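A.B. asks: Each chain is listed here by its residues.
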Amino acid sequence: MLKQMNLDKMNKSAKALKTVMSVFYIAAIIGMVISLIIAVCSVVLPDSYFSAEHFKNGGFSLDVNGMFRYDMSGSDLSGDINMKGIFAGIAFAAFMYSIALFVIFKELRDILATVVQKEPFNENNADRLTRIGGVFIVGSVLFNFINSLVAGLIISTLKIKYIDVIAGINISMLLAGFLIIILAGIFKYGCYLQKEHDETV
Amino acid sequence: MAIISRLDRVMADRKISLNDLSEKVGISLANLSNLKTGKVKAIRFSTLNAICRELQCQPGDILEYKFVEGETNSEDEY
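If you're matching them up, the sequences are chains A and B in order. Under my numbering, the first sequence has 40 at position 40, and the numbering climbs by one with no breaks. Under my numbering, the second sequence has 45 at position 45, and the numbering climbs by one with no breaks.
Rather than coming from a laboratory, the hints here were simulated on the basis of the structure. Computed from a prediction, not measured in an experiment: that's the story for all the values here.
Going by beta-carbon spacing under 8 Å, a handful of chain B positions derived as facing chain A:
1) ILE27
2) ASN31
3) ASN34
4) LEU35
5) VAL40
6) ALA42
7) ILE43
8) ARG44
9) THR47
For each residue, glycine too, the CB sits at the ideal point set by N, CA and C.
All chains, full assembly: derive it from the sequences and hints.
C.D. replies: Put into structure tokens, the structure is as follows:
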């Protein structure tokens, strides 16, 4: 026996999720702006602002590829080392991540808006899912490359010995991207069925 | 499509308005209007049953098939 769908509950959940996506969407825009400002500052400001001496105090640390952390406080880095490149690299990475998140949260927010309006099966939603899937597929290669670039910058700038970076493809993200694109295709078929239903009296 | 709706003719004979018929049949005015103008793709038996009951007519009175030269089977298009 099929369970009766609680449409009111689904609608309330969709509204709440849409609000959350809107918040994340705005956060992604703020992230883009901030990372852009940091990138411009790292190019415009003089090198003296980025001397390693400034970062030895205050518990400043650098996260290398999310696998390990380099604690700058207590390190024996000389003041000659310039962290400008690292900051520019991190800002570039943050900017690219923000763009991806902006696209994903915008599309999710728009999809949820159609769910709230009780019209989820429309062609636009299928296209939105395709775009999200595309971001995941491109991101599986691009973000790993960007992470490796930043990690490489940290390693080379701080002259960390006997360590190297391995670049690759994020298989989980790639598979997620394919799954989302498959779902987009199923959604398109759902649109066709919805249209058939709407044109039946 | 070669299926033509003669609903307007039968409604005129029975002197019933679109509003009244939509209320009695239980479908929206917009859908009934679409049916009258032949803009729908399909009709449920339950809807056809209700219309024939209210208009005291046969399905053949409100639906007519007219052969159209060069019309293909819609399934072939997919």
